[in-house]
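Novice: Each chain is listed here by its residues.
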Amino acid sequence: MVKAGPLRSCQGVGKGGVCVAQAAEPEARTVSKATAEPRWWVEPVATVVAFSLFVLYSAWDVLFHNTGQYHNYISPYFSPNVGAWLGVHAVPAVLVAWVPLFFRASCYYYRREYYRAFFWDPPACAIAERPRRYRGETRVPLVWNNLHRFFLYLAIIVVIFLWKDAVEAFIFPNGFGVGLGSLILLVNAILLTLYTFSCHAFRHLVGGGLDCFSCRGRPTARYRLWRRVSEWNRHHGLWAWVSMFWVWGTGVYVRLLIMGVIHDVRFF
Amino acid sequence: MAETVTLWVYRGDQHGGEEKPYEVPLMPGMVVLDAVHWIQAHLAPDLAVRWNCKAAHCGSCSAEVNGRPRLLCKTRLDEFVKEGVPVHVRPMKTFPIIKDLVTDVSWNYRVMRQIPPFQPREPAPFTLYQRDVDRVQEFRRCIECFLCQDVCHVLREHHEQEHYFGPRFMARLAELEMHPMDAGDRVGFIRETAGVGWCNITHCCAEVCPEAIEITNNAIIPLKERVADRYWDPIRGLFRRFQKTAP
Ligand code: SF4
Ligand code: SF4
Ligand code: FES
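Quick note, the sequences are listed as chains E and P, same order. The C-terminal position of the first sequence is numbered 268 in this note's numbering, with every residue numbered one higher than the one before it. The C-terminal position of the second sequence is numbered 247 in this note's numbering, with every residue numbered one higher than the one before it.
Treat the hints loosely; a few may be bogus.
Unchecked claim - Covered by chain E, according to a simulated footprint, are these stretches of chain P (three or more residues, beta-carbon under 8 Å): (1) 43-54; (2) 69-79; (3) 126-135; (4) 166-179; (5) 200-207.
The set of hints was computed from the structure by calculation and includes no laboratory data. It should be emphasised that the depicted structure is a prediction, and the values quoted were computed from it without experimental measurement. Virtual Cβ for every residue (Gly too), placed ideally from N, Cα, C.
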């Protein structure tokens, strides 16, 4: 049984409002261990494991290799090949990897996930947190998440190149063909397109920022686009996870081809 | 003998209290509020609970069942009986307790009064098209149960009532900001006074909302984007300047 003590009470609201603890902050009405959802920690722990492994693999692939190209297949970590444009040959992937990195780090869905899993702010709903200073997204660096749209613009450019890569993955030295790698790269481009264009900032950009869709007469194209993007946006979290795992898998596949560990399967 | 279920119900007030066990006969389709009423009628006439409609419409019976903010009248007991777990009923943690399951939610009404009201572009009546008010109508479903306010960690764990209005009022602000006939401009207010930046979009509000309002995705994130338009986007700033100076 949990003894309860007095609670804070708040007078006034907003600036100038006061919240006073009526007595020492009570252990009190925090949820007792027995009543909280006992498996609440599974989701944050699984997220930490998945993100950490992904980041570790990506860092290894990006920082310790000078190429991601295997014949007509190019690893998504190395595309577009900004290094070649600039004549940089050492770890060229670093020149582009920051775009998807910052795009995902400022993504509204990933923010939910890492605030929960890494910051434990909160680890799960209605679960007590460690008492400590919390500023939300009002201070540097987290307030920079407001720049998400600019990373979206850059990420769209990257997606265009991934489509170019996907098309080239079907063009072998002897003409059109289909290998396992071609299909993997095609699915990669599709999933990243879904993830990128279901973005909340994109939803806002295409029409969410308007207050009225038909005030100038008929509903605009922006209305229809906004509806479509809103549909995709409902599954933004799903696309975030699936596309992340697929990029990872694609990178591993091309890396293993380059290392000669496996051979590509050619269907025709 | 009829099957029974044990409810551990919080009994106390601002000076303290504890959970007490009550054994209640189980009836088909019983919800937690039924059980609480049974306790009131048979075992503890002084047990305090707030309720009105018993139909998930008035938003009065908000409390926490097994650690989760829920409407007592919408929470069926059989889900716990099936799992064989004990049932714990407690008042909302975020608000000051009055007695037992009743909390003082008046802070929310004071917040509501701070919000600049609807400012019609032209005198009513005016024509609105359904497609333009779909978004706004989602927020109109709110029954003001304040379960989202209760679960929001900014208020619940960090006690930032001074800085953040909470998810219910983000939905209210979105409803006004996105209204096609509203002429008000609340973007600065949303950032400065309502404190949208304090929310870290962790979605708990939407998870507990009994009206299934997508508070985070449809209200808070769009408001954050509107704030970003004004304060974080120099390109948009340029556009605005051109529009202003254009003849
Ligand atoms: S999403 Fe924001 S408003 Fe909703 S519970 Fe989380 S922090 Fe609070
Ligand atoms: S938004 Fe949902 S949870 Fe919040 S007060 Fe309204 S109905 Fe209740
Ligand atoms: S009694 Fe009205 S919502 Fe539960």
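Novice: Hint by hint, say whether it matches the structure.
Specialist: Here is what the structure says about each hint:
1. Coverage of the region 43-54 of chain P by chain E is violated. Counting CB-CB distances below 8 Å, 0 residues qualify, and the rule asks for three or more.
2. With 1 residues carrying a beta carbon less than 8 Å from a beta carbon of chain E, the region 69-79 of chain P misses the three-residue requirement, and the given coverage is violated.
3. Coverage of the region 126-135 of chain P by chain E holds in this model, with 3 residues showing a Cβ closer than 8 Å to a Cβ of that chain against a need of three.
4. Figure legend: the region 166-179 of chain P, annotated as covered by chain E; annotation consistent (3 residues with Cβ-Cβ distances under 8 Å, at least 3 required).
5. For the region 200-207 of chain P, the stated coverage by chain E holds: 6 residues have a C-beta nearer than 8 Å to a C-beta of that chain, and at least 3 were required.
When each numbered hint is compared with the structure, violations occur for hints 1, 2.
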